[in-house]
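What follows is the residue order along each chain.
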Amino acid sequence: MQITVTVNGVERSGDVEPRTLLVHFLRDELGLTGTNIGCDTSSCGACTIHVDGQSAKSCTMLAAQADGLTVTTIEGLADGDTLHPMQRCFQENHGLQCGYCTPGMVMAAVSLLDENPNPSETEVRIGLEGNLCRCTGYHNIVKSVLACAAESTGASK
Amino acid sequence: MIPASFDYLRADSVDAAIAALTEHGDEAKLLAGGHSLLPLMKLRLATPSVLVDVGRLDDLRYINDAGDHIAIGALTRHRDLEISTLLAADAPLLSHAAGHVGDPQVRHRGTLGGSLAHADPASDLPAVILAMGATLVATGPNGTREIAAADFYTGFLESALAPDELLTEIRIPKLDTQGWSFQKFNRRAQDWAIVGVATVRANGSTGVALVNMGSTPLLASAVMDAVKSGASAADASAHANEGTEAQSDINASSEYREHLARVLVRRSLEESGLA
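From first to last, the protein sequence lines stand for chains A and B.
Its first residue numbered 1, the first sequence is counted upward by one per residue in the UniProt record's numbering.
Its first residue numbered 1, the second sequence is counted upward by one per residue in the UniProt record's numbering.
Fair warning: there could be bad hints in the mix.
Here are the in silico distance ranges between beta carbons for each label pair [unchecked claim]:
1) A:Asp15 x B:Ser254: 28 to 34 Å
2) B:Asp151 x A:Thr122: 37 to 43 Å
3) A:Asp79 x B:His259: 53 to 59 Å
4) B:Ala238 x A:Ser152: 50 to 56 Å
5) A:Thr136 x B:Gly230: 46 to 52 Å
6) B:Glu271 x A:Arg125: 21 to 27 Å
7) A:Gly99 x B:Asn186: 49 to 55 Å
8) B:Ala150 x A:Asn116: 33 to 39 Å
9) A:Arg134 x B:Phe156: 29 to 35 Å
10) B:Ala150 x A:Cys135: 43 to 49 Å
11) B:Ala238 x A:Thr122: 33 to 39 Å
12) A:Glu11 x B:Val263: 51 to 57 Å
13) B:Met1 x A:Thr4: 23 to 29 Å
14) B:Asp7 x A:Arg134: 35 to 41 Å
Worth flagging that the hints you see were computed from the coordinates, not collected in a lab.
The model shown is predicted, which means the values in this text are computed figures rather than measured ones.
Even for Gly, the Cβ is constructed at its ideal location relative to N, Cα and C.
Take these sequences, add in the hints, and give me the full structure.
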């Protein structure tokens with residue numbers, strides 16, 4: 001079936017099987033490999049993207065469900081060479097170790113601050129409950145999100 | 001993991017969805033947010049040959065004050081419930097529990113109707129609508145009918161919905177709530193409840209329902225009867241396992257679940273204000 005999805009501001013069309021998962025469309029059809037596949041069971045959040053501005057797990061959506069919608073991936077956050085504030089805060093606060101969960105963490109964190117621009121540490125930890133980090137790096141991830149919130153209340157897309 | 005092949009139909013109206021269900025019968029499944037169904041399809045535990053996507057039926061996405069009840073469209077998402085000021089005022093148990101379903105990403109996509117119709121005994125919201133005495137509205141080829149929440153769950157992943165019916169609205173009675181509580185015991189933040197308890201005390205009566213204590217979501221009728229006849233929270237909670245059939249699985253033995261049910265029912269009654 002033919003679908004058209006606005007990905008990172010650009011209309012992208014493709015011919016997909018109905019059973020094609022959104023994450024496979026993004027990675028394999030569009031070459032946007034920043035979105036990682038982790039658990040493949042909607043647990044780990046590595047595949048988190050934004051659908052119509054809200055965080056979602058792209059392994060648990062059909063590409064067909066995104067037809068006509070707006071999707072943002074990690075590749076769509078930076079403005080040219082200027083990192084999104086959340087990306088920069090992860091960099092400055094060492095909010096990653098191996099980096100595999102990072103794209104999903106950043107996307108979830110941006111969505112979190114959209115909904116709650118000035119969260120407490122507890123609210124950040126609860127707000128990231130859908131994202132797992134196997135390096136046990138949560139401490140600096142939380143620190144990065146809090147730094148981003150403090151730097152610019154409402155820092156978002 | 002990729003689901004088995006299926007044909008995809010996107011319904012642009014309730015009538016179109018029902019027509020598709022009527023045409024394809026048992027072969028078809030409705031797709032709303034997909035956060036219960038797609039994981040099962042990826043594991044090939046569900047292999048429908050036709051998916052009818054009702055996720056774009058935005059006219060079924062609403063939370064309205066309807067006088068003596070709150071009317072919620074079946075396509076309303078968990079996040080909508082979580083932040084609804086109307087629910088916070090008149091049905092705080094529902095908005096609170098909706099904020100504990102899965103994780104934020106799941107709550108952005110998952111829907112109330114999808115969660116209820118999936119009829120998973122481990123889900124949070126079926127117990128909530130049981131405790132609150134909600135009414136479900138099903139729409140089929142011959143129009144709509146109302147189903148009491150207490151009559152909705154008929155077996156494991158089975159509901160009173162006919163194969164050609166679509167759950168369209170959930171009606172939550174406006175209660176003069178004196179107290180409420182939602183207890184969810186799990187080991188990791190986003191896990192299903194190993195056991196959960198939803199309690200609402202309102203209009204002189206107490207509704208208590210159990211998550212994951214049998215093949216369906218369950219009303220804790222014996223606990224409710226005990227409270228009605230004046231039992232304390234501690235005494236009433238001794239009845240928590242009457243009528244249950246807790247299963248053993250990788251997370252817990254049935255004995256452990258029964259222990260949890262007693263403890264969580266007592267906590268839930270106490271948190272909702274019962275001495």
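Kindly confirm whether 23 to 29 Å is satisfied by the beta carbon distance between Met1 (chain B) and Thr4 (chain A).
-> holds, 26 Å
Outcome for the supplied range 53 to 59 Å, where the beta carbon pair is Asp79 (chain A) and His259 (chain B) = About 55 Å separates the Cβ atoms of Asp79 (chain A) and His259 (chain B), which means 53 to 59 Å holds.
Determine whether the Cβ-Cβ distance between Arg134 (chain A) and Phe156 (chain B) falls within the hinted range of 29 to 35 Å.
-> holds, 33 Å
Would you say the C-beta atoms of Asp7 (chain B) and Arg134 (chain A) sit inside 35 to 41 Å of each other?
-> holds, 38 Å
CB-CB spacing for Gly230 (chain B) and Thr136 (chain A) relative to the 46 to 52 Å hint = Check passed, 50 Å falls within 46 to 52 Å.
Mind checking the hinted window 37 to 43 Å against the Cβ distance between Asp151 (chain B) and Thr122 (chain A)?
-> Taking Cβ atoms as reference, Asp151 (chain B) and Thr122 (chain A) lie about 40 Å apart, which means the hint holds.
State, for the Cβ atoms of Ala238 (chain B) and Ser152 (chain A), whether the hinted interval 50 to 56 Å holds or is violated.
-> holds, 54 Å
Using the C-beta atoms of Glu11 (chain A) and Val263 (chain B), is the stated range 51 to 57 Å upheld?
-> Distance hint for Glu11 (chain A), Val263 (chain B) holds at roughly 54 Å.
C-beta pair Asp15 (chain A), Ser254 (chain B): status relative to the range 28 to 34 Å that was hinted | violated, 50 Å
So does Ala150 (chain B) sit 43 to 49 Å from Cys135 (chain A), Cβ to Cβ?
-> holds, 47 Å
May I ask you to test the hint 33 to 39 Å on the CB atoms belonging to Ala150 (chain B) and Asn116 (chain A)?
-> holds, 37 Å
Cβ distance range 49 to 55 Å for Gly99 (chain A) and Asn186 (chain B), holds or violated = violated, 28 Å
Checked against the numbered hints above, the structure breaks hints 1, 7 and satisfies the rest.
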